[in-house]
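One-letter residues, chain by chain:
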Amino acid sequence: MDTPLIELVGVKKSFGPVDVLKGIDFKAYAGKVTALVGDNGAGKSTLIKGLSGVQPFDEGTVRFDGHDVHIVNPKQASNLGIEVVYQDLALCENLDIVQNMFLGREEVAMGTLDEAAMEFAATKALQSLSVRTVKSVRQKVSSLSGGQRQTVAIGRTVLRNAKLVILDEPTAALGVAQTEQVLNLVRRLADNGIGVIIISHNLADVFQVADFISVLYLGGMVASLATADTNYNDVVGYITGTKSLEGAAS
Amino acid sequence: MSNTSLATGHEGTLRDQATAYFQRIRSGEMGALPAVSALILLAILFSALSPFFLTKLNFANLFVQSAELAVLACALVFVLLLGEIDLAAGVTAGVGMALFVVLNQKMGIDPLLSVIAALAFGSLTGWIIGFFVAKIRVPSFVVTLGFFLGFQGLQLIMLGDGGIYRVDIPAIQAIMNSNMPEWAGWGMLAIMVVGSFLIALWDRSRRTRTGLATRPISMLFIRLAFMAVLGGIAVAILNENRSVSIKAIAGVPIVIPIVLVIVFIGTFVLDRTLFGRYLYAVGGNPEAGRRAGIDVAKIRIAAFMICSTLAVVSGLLHASRIGSVESTAGRTIVLNGVAAAVVGGVSLFGGRGRMMNAIVGALVISIIDNGLGLIGLPAGINFLVTGGVLVGAATIDALSRKRSGGSILRT
Chain A
-15 MDTPLIELVG VKKSFGPVDV LKGIDFKAYA GKVTALVGDN GAGKSTLIKG LSGVQPFDEG
45 TVRFDGHDVH IVNPKQASNL GIEVVYQDLA LCENLDIVQN MFLGREEVAM GTLDEAAMEF
105 AATKALQSLS VRTVKSVRQK VSSLSGGQRQ TVAIGRTVLR NAKLVILDEP TAALGVAQTE
165 QVLNLVRRLA DNGIGVIIIS HNLADVFQVA DFISVLYLGG MVASLATADT NYNDVVGYIT
225 GTKSLEGAAS
Chain B
16 MSNTSLATGH EGTLRDQATA YFQRIRSGEM GALPAVSALI LLAILFSALS PFFLTKLNFA
76 NLFVQSAELA VLACALVFVL LLGEIDLAAG VTAGVGMALF VVLNQKMGID PLLSVIAALA
136 FGSLTGWIIG FFVAKIRVPS FVVTLGFFLG FQGLQLIMLG DGGIYRVDIP AIQAIMNSNM
196 PEWAGWGMLA IMVVGSFLIA LWDRSRRTRT GLATRPISML FIRLAFMAVL GGIAVAILNE
256 NRSVSIKAIA GVPIVIPIVL VIVFIGTFVL DRTLFGRYLY AVGGNPEAGR RAGIDVAKIR
316 IAAFMICSTL AVVSGLLHAS RIGSVESTAG RTIVLNGVAA AVVGGVSLFG GRGRMMNAIV
376 GALVISIIDN GLGLIGLPAG INFLVTGGVL VGAATIDALS RKRSGGSILR T
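Line by line, the protein sequences are chains A and B.
Just so it is clear: in the first sequence, position 86 is 70 by our numbering, and no numbers are missing.
Just so it is clear: in the second sequence, position 400 is 415 by our numbering, and no numbers are missing.
Please note that a few of the clues may not be correct.
As the list claims (entries may be wrong) - Heads up, simulated DSS-like pairs for lysine-lysine below, C-alpha to C-alpha not over 30 Å straight-line:
#, chain 1, residue 1, chain 2, residue 2
1, B, K150, A, K59
2, A, K11, A, K59
3, A, K33, A, K227
4, B, K150, A, K33
5, A, K59, A, K(-4)
6, A, K33, A, K11
7, B, K417, A, K119
8, A, K33, A, K59
9, A, K11, A, K(-4)
10, A, K(-4), A, K33
11, A, K108, A, K147
12, B, K313, A, K33
13, A, K59, B, K313
FYI, nobody ran anything at the bench for these hints, they're computed from the structure.
Just chain A, same shape as in the assembly:
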């Protein structure tokens, strides 16, 4: 296997006396979907917050694209090309799709907003993900469904030239058809060469979309497996702690 896009070695994080991450090793590859699973309190969120720079890690090595990096704030993560899509999506309902995708990074020409350039780029980004579900890129987000909103949030990361996209429970609030839409989108994101980390509680989704599955259990990485080499029952076993085989195939 080639160099991982992101590699964590011996990463630790504690809050006061509580060790939340107890020396984690983790890898994710460009063009692949890596699922991060684990029960509540296993340390998934802490791991993500460390990667996105919101709460930097205490100890350990982080390598991005083969280089040692030290991510201490969100801006730095963003500059490296790490984008997180949080569960609440952070969209402005009163703005349209283009305006949301460019929020905070608007194109300006001669002191005024260059709507044409933004509309063009946003359309291209959504097309690269084969998005068909939205009627118009000038639709207000308030008129979009949950799946379509997820699409806008993911499209925004493409627009920002993300190399690594972290999705926090992207399907949690969605119905069956929309979950399918979003999972297809996640797949295409990876097919475009972007590294994707997806956090999910829904193992059916994970098995459908992920190339690799990493399981956290009480702040330790109990298994990092290729999806093809494992099965549903084993993963449930790792998550619940009834099975503990340290770092299998990867």
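Start from chain A and add chain B according to the hints.
What follows is chain B alone, placed relative to chain A:
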């Protein structure tokens, strides 16, 4: 990669565009439509009830009477867009004018400098209110209520109990009481139509250069023709002698181009600048704005500064119209200003509204005031009707928000 093409809302014939418009209205994006309908209905109603309503004199009066309310409503749009409110806008204007009188009449300072000082006082007030709201996070309702009370005291201290000062500076009196020569009225209309045409052409050329679809050009011409005809009728009526005595009164009131310039600049800022975009974003979802890297506090403070400064402009118009500054000025107008904005279609929940909404709303409130006065109903009825219209407008606002917000699971 695939070849799916995404629509942008600019495609299709005139017919498609019309269908899309009605769809938007059905989904709750009504904009100024209810207010424009109300305006037309009220105009028909009052013309039927009073023989004086449709006179040339009243037509001109209506515009002049609504000007100060319109400017105040425009001012309030900036804070309403954030989902905030400025109850102190009226008394800020009052204190601004009191300051003007003190500087100009008691201390003998040049009138222009005094006006600038009053405007600077407005900006400072807006900054302080904005600081409390944005940095300390005191609800704007409470902060501005405090300023509303405090500034009434300041007015009394500055001008004395029952104090009233005549403003007899010709330039200031001219704003609300003089008219432009005939040719200037037509010139104003020509600038508006040609200006709109050029701006639209500029936008189209940007889109075509990028390879995007453009709306049918016939749509632009229909819009311009509409503007030219309506504007032409208004200018023609205003240019005729509307006096009931021997001394002729004719021409477009000077205040009309002043209000139009404020509306144009405001619309430009809201629609085409980063600040405008961020204002809508913060009003829609402050957390999303913050995560996108917007300095939310700075945007909020700037909005309050613009609001208070424009409020002082509205106070200047008031002083010009009645020719004096009194110690109780601005206490009641602020609620009418909020009513005007909301009636016009500006959302109280933030994130939705435009300058034009405020203008249409101000016309509705003024027409009620004007019409009921002409019919000769007691003043009490006026308050009741205006209050009813406000509650009605706020109800439309809340319902349309519910409809367009919808459930996030809706496909």
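Which numbered hints does this structure break?
-> Of the numbered hints given earlier, the structure breaks none, since each of them holds.
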